[in-house]
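Throw the hints in and build the complete structure from the sequences for me.
Same order as they appear, the protein sequences are chains A and B.
Be aware that the first sequence starts at 114, since it is given in our numbering, and climbs by one per residue.
Be aware that the second sequence starts at 114, since it is given in our numbering, and climbs by one per residue.
Just so you know, the hints here were simulated from the structure itself, not pulled from any lab data.
You can take every hint at face value.
Identical copies look the same in the list; a pair holds intra-copy or inter-copy alike.
Distance condition first, Cα-Cα at most 30 Å in a straight line; then the derived DSSO-like pairs of lysine-lysine: (1) Lys-229 to Lys-136; (2) Lys-494 to Lys-516; (3) Lys-201 to Lys-136.
Keep in mind that this is a model prediction, so the values were computed, not measured.
2 protein chains.
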Amino acid sequence: MTGTIDLNMVNAYIPGRADVGAKTAATISRRDRLLGPAYRLMYERPLHIVRGEGAWLIDEDGRRYLDVYNNVTSLGHCHPRVVEAICKQVATLATNTRYLHDTILELAERLIASVKGTDLAHLMLTCTGSEANDLAYRIAKVRTGGTGIIVTDTAYHGFTDAVSQFSPSLGMSVDLGAHVRMVPAPRVYHAQGIDMAERFTRDVAAAIADLKRHGIKPAMLIVDSVFTSDGILPDPAGFLQGAVQAIKDAGGLFVADEVQPGFGRTGEHMWGFQRHNVVPDIVTMGKPMGNGQPIAGLLVTHDAVAQFGRDSRYFNTFAGNTVSCAAAIAVLDTIEQEGLIAHAARTGAALRDGIAALAARHEAIGDVRGVGMFVGVELVKDRVTRAPDRETTSRVVNLLRDKGILLSGCAMGHNVLKIRPPLVLNSQQVDMVIQGIDESLAEAALGMTSG
Amino acid sequence: MTGTIDLNMVNAYIPGRADVGAKTAATISRRDRLLGPAYRLMYERPLHIVRGEGAWLIDEDGRRYLDVYNNVTSLGHCHPRVVEAICKQVATLATNTRYLHDTILELAERLIASVKGTDLAHLMLTCTGSEANDLAYRIAKVRTGGTGIIVTDTAYHGFTDAVSQFSPSLGMSVDLGAHVRMVPAPRVYHAQGIDMAERFTRDVAAAIADLKRHGIKPAMLIVDSVFTSDGILPDPAGFLQGAVQAIKDAGGLFVADEVQPGFGRTGEHMWGFQRHNVVPDIVTMGKPMGNGQPIAGLLVTHDAVAQFGRDSRYFNTFAGNTVSCAAAIAVLDTIEQEGLIAHAARTGAALRDGIAALAARHEAIGDVRGVGMFVGVELVKDRVTRAPDRETTSRVVNLLRDKGILLSGCAMGHNVLKIRPPLVLNSQQVDMVIQGIDESLAEAALGMTSG
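Structural data, given as structure tokens:
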């Protein structure tokens, strides 16, 4: 078995493309045999990681990599406060929500407080972001009596059967549901000056009309509020308002998928939707929620979930278990006590500014954008046509890996560097990333010319 | 808010039915406010648990309850070996399957070895049993080109949008998919001597024919190999063979849902399907896999997953993380080193025999059955008609709770005591359970007569 070639996944390991060395080749072959053909690895030469520490990952040979990609370990790998919370709780009690327990109630109180001023009133817990989006859809169907879904054209919302049907970024081989409509992602860089608020509103309204024309009642508009897999598209703040109003007017729900932007990453608020000044009916969350512990969930208005709660009991054996809740509380404590939201704003801005300054000497840099600890760097073949440069992006990602800096790519054109550092990144580490990108772009340009 | 009345869930807490005391009432009301209307509690007077230890759960007032219900903490609550494995790994590295790591490969090797002699070749990991069954369905659809599903009439396979559509035990308000057919569960006690192998085969064949008659190509037959929510129906061993052959002949897959029976609980093998001498295309697993840590997954043949693996990459951020894999390896080690499969057989048999002996003085006991540490006690109004006695079952479950013994109910008639002790239950604890059931049945009979 030689593994599977997935040209649809940005930065997938492609067997045979690079010499990975005998030891890694043996591990990959063992893995293919044991885990089968559906698993993918990252990088031309995959990493065998054995330890994590702050912003660092350490491989089997003791080499250190600055991890500016994993947005799960948002507080840094193995944050002592989370480790302590997990170890204490796992030795005391790990059980489920059919008994009363205080940790889940404390967690709910804290998270509901983070959306004060909205009608979002209840927390429901899952183990993964996919489960959260799947549950959001079940709730939306019951509330609206509809099934129609609107997503952006390179959205990723998860892997369950229902959610994969509204995750176009999974590629052409995974069918979208007949009840799903795509709207173009808000690519301001390619909008030729058109007002994005107007255009996005118009596109969502057209999708609603098309659903209705096919006899499909709209259930929800769901967007990642930073449009991560679409290419990291946070601006202009507020452009979502018209689209949110359109779906609500059509009787559908607005679901903010905060699995990636949530928990302070935007450096402005706890949640990405808050900078757009819109109010979701459901907010889904996950990845950094337990800094690695499997926990995810959603906040929902009472109105949205009332009928669902009468009709369907909700029970998820592991979700809301005392250990996962304790981890999530430790995450919230740490974000607050280490002042990580403000830190993410400052450090993220420095990172963006530093990369933007590189544009003067690297023609490939078309656009540098982001918010807080979310940075997207769009690489183009030509600044006039703005044609995506997938090859350079892939080259730069792999050169950076060789220099000990881990990030990846995203967007429909596979040409946006996706940088999601832990919120605790320090300024020395920011400089390392900027320098690494600078060197890699230079080397990539050289390689392309000579190659 | 007063919580939701769910008459469809066996042993659900029903607001207002019993005096729960001011402290518990306040916690329930806080919980309703924070978690909303879809969550349920167990028992007329819900428990507020704060600590677990071996087979015991301890409530906020320090009262100890013998837990013979939670089949997640199969090694006992807070098993030191699992706690140690989690604490060690969580302080070292908690990351995902896009990097190479040895724990997932070791876990895969161990689990694949448990199905030696079959074509089951690959392990794929999820966080929950629901996700595992959801993924099994996605794989079955791609492999077969069909969508049709056959389940038993009180089956529970999970809560995702797709899986809830083939989980009839969720009740009438949760619609089954139009592509789902139910067959009667193998209720030998009600079969009036009819050969169960023949009947079950015939029912599955009829369901296949009906799917085809509606233009729906069969994708899979999925059964919990002990038919837990159907009422714990393990016998006669081997009766599944004809049905499995029928679905394979129709081009569908056979999926063994081992989320509840797996990991040695049957006291005979690692997996429940093995006692039926059938070979599944997919085996899903979960609950006891990490003794509380959220981990689940599936074993699958290369043939079943080959096309899926080419078309769809599979990535689940938290599934296969190093911490969950370390917990699962510790569980496998413990089952082996403490000889828990053989122990489950011996102790489970003693438990069943002891309860069966009670039938001499309790007319309500219609049938006592099970395998290993799975025991079902069917309570009837009358041993001739075998009419389900839901009221007595509910009474007994709640009387036992008051005596400090935790179990629950199952089956379509809500009249089967569901007993799933940790595999480590000792003989003194077995006697406690038998004595508790004895006393509770006596009290329930008295209450029914006088009431």
